[in-house]
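Asks: The lines below spell out each chain.
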Amino acid sequence: MPETEALLSRFGAANTQVLGISIDSVFCHANWAASLGGVSFPLLSDFHPKGAVAASYGLYLEKAGITDRATVIIDAGGTVRHISSVTPAGGRDIAELAALCEKVDQEYSGPKEAVPSPATFPRGSTLYVKSSCGHSLKAMNALANFHLGGAIILKNVTDDPAAKAELVKLGGKDQAPCLVVDGKPLYEADDIVKAMTDSVAYLK
Amino acid sequence: MIAEGTKAPGFTLKDHLGREISLDSLTGKHHVMLLFYPLDFTPT
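As given, the protein sequences belong to chains A and B, one line each in that order.
Mind the numbering: the first sequence is residues -14 to 189 in my numbering, read in order.
Mind the numbering: the second sequence is residues 101 to 144 in my numbering, read in order.
By construction, these hints were calculated from the structure, which means they are not laboratory data.
The structure presented is a predicted model; accordingly, all values stated were derived computationally and were not measured.
Some hints could be false.
[To be verified] Label-pair restraints from in silico Cβ distances:
# : chain 1 : residue 1 : chain 2 : residue 2 : range
1 : A       : Glu151    : B       : Ile102    : 43 to 53 Å
2 : B       : Ala103    : A       : Asn130    : 41 to 51 Å
3 : A       : Lys158    : B       : Thr142    : 32 to 42 Å
Yeah, the Cβ is synthetic: ideal placement off N, Cα and C, and Gly gets one too.
In isolation and in its complexed conformation, chain A is listed as follows (with noise of 0.2 Å):
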């Protein structure tokens, strides 16, 4: 997926949304997103009933209960453009399907329109907080609410030294809960949690 990510702009100008799927719970694609720094296209998950939609594009092997690693390319008519597998082993070459995205974009005269920018927090957003500390825990909890987890970092500046000194260098204060959005801080507990909120509402 981080080859995919660098491309996304790429995509983007061909007018093609990218969307990864699996076999994976919500919760293991936001822990896996999280572990990449966010993944700014949505991963969807094929869960249950499990691989239903692979199977509709002929695509979930059966025996290994997984999703075969294969792309498909549809027009904004909704046809299917180009459908191809590299096995579960193989490895996707991403500047290939970019050009393949960018000939059907170049191919479709009906209308279309740009892929919106991700609507969500930008990559490397961090949340810092603070052990036993109720406005960090209110923070934690919107994190958790709103399935944010995946989208941005969380960082505890009482067990993790280098976490403190980014977050006094990025303010000049160890000051948490704080939410790093684009390297600017905010601080109050209830700004923070509004911010979750409001990038929540325009998701929806």
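Use these hints to put chain B onto chain A, whose structure you have.
Replies: Here is chain B on its own, set in the frame of chain A:
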């Protein structure tokens, strides 16, 4: 796998942020690239 040139099967699924996303809400506006993959924590 299904053939190129056929209509893409529709779906509505939740994403990693808990958002419900349906194919129908995207096509009509954009092209869509679906990256099917076996499991999280695996490469490209």
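Asks: Please go over all the hints and tell whether each is borne out by the structure.
Replies: Okay, the hints, checked on the actual structure:
Evaluation of the 43 to 53 Å hint for Glu151(A) and Ile102(B) yields a pass: the beta carbon distance comes to about 48 Å. At roughly 43 Å, the beta carbons of Ala103(B) and Asn130(A) sit within the given window of 41 to 51 Å. Separation of Lys158(A) from Thr142(B) is about 41 Å and conforms to the stated range, judged on CB atoms against 32 to 42 Å.
When held up to the earlier numbered hints, the structure conflicts with none and fits them all.
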